[in-house]
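J.: Residue strings, one per chain:
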Amino acid sequence: MSDAFSEASDLSADDSQDVMTPAELIAKLEEAWLNEKFSPELLESKSEIVECVMEQLTHMEENLQRVRKGDVKASVHRMEIDRIRFVLSSYLRSRLQKIEKFFPHVLEKEKSRAVGDPSFLSPQEFAFAKEYLANTETYLKAVALKHMPPNLQTVDMLKAVPEPCLDSFVFLRVKERQENILVEPEMDEQREYVIDLEEGSQHLIRYRAIAPLVASGAVQLI
Amino acid sequence: MFCEKAIELIRELQRMGDGQLPAFNEDGIRQVLEEMKALYQQNQSDVNEAKTEGRNELIPTIKFRHCCLIRNQRCITAYLYDRLLRIRALRWEYGSVLPTAIRFHMCAEELEWFNQYKKSLATYMRSLGGEEGLDITQDVKPPKSLYIEVRCLKDHGEFEIDDGTIILLKKNSQHFLPRWKCEQLIRQGVLEHVVS
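Residue numbers (the numbering used here), protein chains in the order written: chain S, 913 to 1134; chain W, 41 to 236.
Chain S with its partners taken away, still in its complex shape (with noise of 0.2 Å):
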């Protein structure tokens, strides 16, 4: 798929300023693509990844508009385009299933999160997040708290609203050696816990053991 891509922004004039060639850009796409699809929480927005993505499609659609018609070259190059803008709407996808499905929590994080640290939800992200509390909220007030007696008038959302299952299983390949990672970290009795993880090995393991590694990029889901 790289290759292909990278052939298309020869076409492309000026992608020379950025750091990133392409077919990297693809790859870190398609590395937080995978991420983001197997964990059970939201992960760090990586919105400079999008935009640059977003940046090249327009790109390859203008030069696209150059090739004449008939062209062999063409057909190929549109595949490529709808695979990555595939790749990314399904990124965004399924950040924006996680925001619906665990807002209050996904807020809150976002509210509590100390100044400097980096941010999990992209500012537009932010915004549709609030504004789907604010109409829920509504939403069900109008219905039926209003209706009901004094005291029972608020819900708690935090509360009502499931959070993401931290202790679910996921699949993950070492992308750089680890060495002693707890399995059991809430455990008191740690020493019989401890695992090595081999670069370019495959593990199945609770989400929450490795979260920090998957948040670092040492380790990427599978």
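Some hints here could point you the wrong way.
Claimed, not checked - Pairs of lysine-lysine residues, derived as DSS-like cross-links and limited to a Cα-Cα distance of at most 30 Å, are as follows:
1. S:K1042 / S:K1087
2. S:K1071 / S:K1053
3. W:K158 / S:K949
4. S:K1010 / S:K1071
5. S:K1042 / W:K158
6. S:K1010 / W:K91
7. W:K158 / S:K1053
8. S:K1053 / S:K1087
9. S:K985 / S:K1013
10. W:K159 / S:K1013
11. S:K1010 / S:K985
12. S:K940 / W:K91
13. S:K949 / S:K1023
14. W:K91 / S:K1013
15. S:K1013 / W:K181
16. S:K1087 / W:K181
17. S:K1058 / W:K91
18. W:K221 / S:K949
19. W:K159 / S:K1010
20. S:K949 / S:K1010
Calculated from the structure, these hints are not laboratory results.
Predicted, not measured: the structure shown is a model, and the values here were computed from it.
Based on these hints, arrange chain W on the given structure of chain S.
T.: Below, chain W alone, put in the same frame as chain S:
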């Protein structure tokens, strides 16, 4: 028994199975709300009595009624919220205009919620990338080929494809179209993907 009406609401949704939207049970909701009102009033008077006359034997009853109230509240919100999730799924399936049959099953506030959701989603999608944004309700399946063979299931009228050609989508006619243009129409049931 208390709370039975509320459970009935939940059962009604469960019986429908995934993704289907039964008619909004306004009557059921009203009955539960009335039950809650009655429970609350009884509790109020019992609380007063327990306080003024020191009748401690009333307290368990009060607690029991309170639990029923909480349960009723929970069931109603669960019913409403689950319906919202189904309505949300409809936006992704049918696009921003819902079939009349489905709108008929929604209450006014649900329609309002749906419109608001539609707006939020549209704002979000417009804000992605360039001027036009990105429609992420498209490209749901990984693309296998550029063009696909489709058959028209009903008359849809004229349809413009990317290069400006206009084709007439007539019932039972068969076309060879770019996949990204017909995805939505396939989901709406206008076109059918012909797998040879």
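J.: Indicate, hint by hint, whether the structure satisfies it.
T.: Status of the hints after comparison with the structure:
| no. | hint | verdict |
| --- | --- | --- |
| 1 | S:K1042 / S:K1087 | violated, 36 Å |
| 2 | S:K1071 / S:K1053 | holds, 17 Å |
| 3 | W:K158 / S:K949 | holds, 24 Å |
| 4 | S:K1010 / S:K1071 | holds, 17 Å |
| 5 | S:K1042 / W:K158 | holds, 14 Å |
| 6 | S:K1010 / W:K91 | violated, 48 Å |
| 7 | W:K158 / S:K1053 | holds, 20 Å |
| 8 | S:K1053 / S:K1087 | violated, 49 Å |
| 9 | S:K985 / S:K1013 | violated, 42 Å |
| 10 | W:K159 / S:K1013 | holds, 18 Å |
| 11 | S:K1010 / S:K985 | violated, 38 Å |
| 12 | S:K940 / W:K91 | violated, 67 Å |
| 13 | S:K949 / S:K1023 | holds, 24 Å |
| 14 | W:K91 / S:K1013 | violated, 44 Å |
| 15 | S:K1013 / W:K181 | holds, 21 Å |
| 16 | S:K1087 / W:K181 | holds, 28 Å |
| 17 | S:K1058 / W:K91 | holds, 28 Å |
| 18 | W:K221 / S:K949 | holds, 26 Å |
| 19 | W:K159 / S:K1010 | holds, 19 Å |
| 20 | S:K949 / S:K1010 | holds, 10 Å |
In summary, the numbered hints that this structure violates are 1, 6, 8, 9, 11, 12 and 14.
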